[in-house]
Amino acid sequence: MLPQVTTAHYIVLSALLFAIGLFGVVTRKNVVVILMGLELMLNAANLAFVAFSRHHGNLQGQVFTFFVIAVAAAEAAVALSILMALFRLKGSVTLDDATELKG
Amino acid sequence: MDSPTFWVGGLIAVTAAMMTVTRRNAVASVMWLVAAFVGMSVLFLGMNAGFIAVIQVLVYAGAIMVLFLFVIMLLNLSPAGLLRIDRPRMKVFALAASVGVVAIIIATAIRSSEWSIGGTPEAIAKRSGGTIIEGNALALSDRLFDQHLLPFEVTSVLLLVAIIGAVALTKKKV
Numbered sequence: 000m001l002p003q004v005t006t007a008h009y010i011v012l013s014a015l016l017f018a019i020g021l022f023g024v025v026t027r028k029n030v031v032v033i034l035m036g037l038e039l040m041l042n043a044a045n046l047a048f049v050a051f052s053r054h055h056g057n058l059q060g061q062v063f064t065f066f067v068i069a070v071a072a073a074e075a076a077v078a079l080s081i082l083m084a085l086f087r088l089k090g091s092v093t094l095d096d097a098t099e100l101k102g
Numbered sequence: 000m001d002s003p004t005f006w007v008g009g010l011i012a013v014t015a016a017m018m019t020v021t022r023r024n025a026v027a028s029v030m031w032l033v034a035a036f037v038g039m040s041v042l043f044l045g046m047n048a049g050f051i052a053v054i055q056v057l058v059y060a061g062a063i064m065v066l067f068l069f070v071i072m073l074l075n076l077s078p079a080g081l082l083r084i085d086r087p088r089m090k091v092f093a094l095a096a097s098v099g100v101v102a103i104i105i106a107t108a109i110r111s112s113e114w115s116i117g118g119t120p121e122a123i124a125k126r127s128g129g130t131i132i133e134g135n136a137l138a139l140s141d142r143l144f145d146q147h148l149l150p151f152e153v154t155s156v157l158l159l160v161a162i163i164g165a166v167a168l169t170k171k172k173v
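Protein chains in written order, with numbering that gives the first Met the number 0: chain D, 0 to 102; chain V, 0 to 173.
Some hints here could point you the wrong way.
[What the hints assert, rightly or not] The calculated label-pair distances, taken between Cβ atoms and stated as ranges, are:
# : chain 1 : residue 1 : chain 2 : residue 2 : range
1 : D       : Thr98     : V       : Pro150    : 31 to 41 Å
2 : D       : Arg87     : V       : Met30     : 25 to 35 Å
3 : V       : Arg110    : D       : Leu88     : 45 to 55 Å
4 : D       : Val67     : V       : Phe144    : 10 to 20 Å
It is worth saying that the hints were derived from the structure and are not from the lab.
Every value quoted in this text rests on a predicted model; they were computed, and no experiment measured them.
Glycine residues also receive a C-beta, built at the ideal position from the N, C-alpha and C atoms.
Based on the sequences and whatever the hints tell you, model everything.
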């Protein structure tokens, strides 16, 4: 029989997903994949919100998750538009080609 | 009982997330990320958050991931452009940071008896007087349109700003 699932299980899983997203954001150079890592990190935070909502028997955390999803949608739309503008300017979407501020 | 949904959903989510950040082809990454979001949706279902689980699939796996696919298609990247170019020096730092985050959370989770002993379904049910909260559309809309009406309306303004911003940024210069 599987061990009983507690809030601690959900929080550790959420930390694991956040760490995987962080790893992707830091190591990858393709901006599209970096944005995907960001979405993964936002989702890990959502998981923690819902886990604590369950822990405290309070719907507040799920309402907050709803807002996080809405903000993530807006963020993805604007970030991908900036990516399109970058591609038009530089002809690529790798971070190495966007180093204008680096003296 | 949320034990099977946790192990199944968690396994899908973690495996797919690892595949997402390691694939060479960005389209493959998108597909694995969709799988990760479906896994998380299963986790939300196990926590009695049905509405969030449906929104997760609709908004994330549906809308946002289609947007990613469209952008990859519009960019018309050559196969060389899709190739993975890693930063070897950053890999060590990234691995250290990731392991650090997980280690801190695991240490906290082990020390906290409130999360482990007080986090079992029975303990939660006892604390909330036997009633299990159900995150369905009715309960969430009660909260949303009663206590959180202003943030809800502000979110609509934010989405409008995002739409106008996206159009202004991608439009060709006239």
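*Determine which of the earlier numbered hints do not hold for this structure and return their numbers in increasing order.*
Violated: none.
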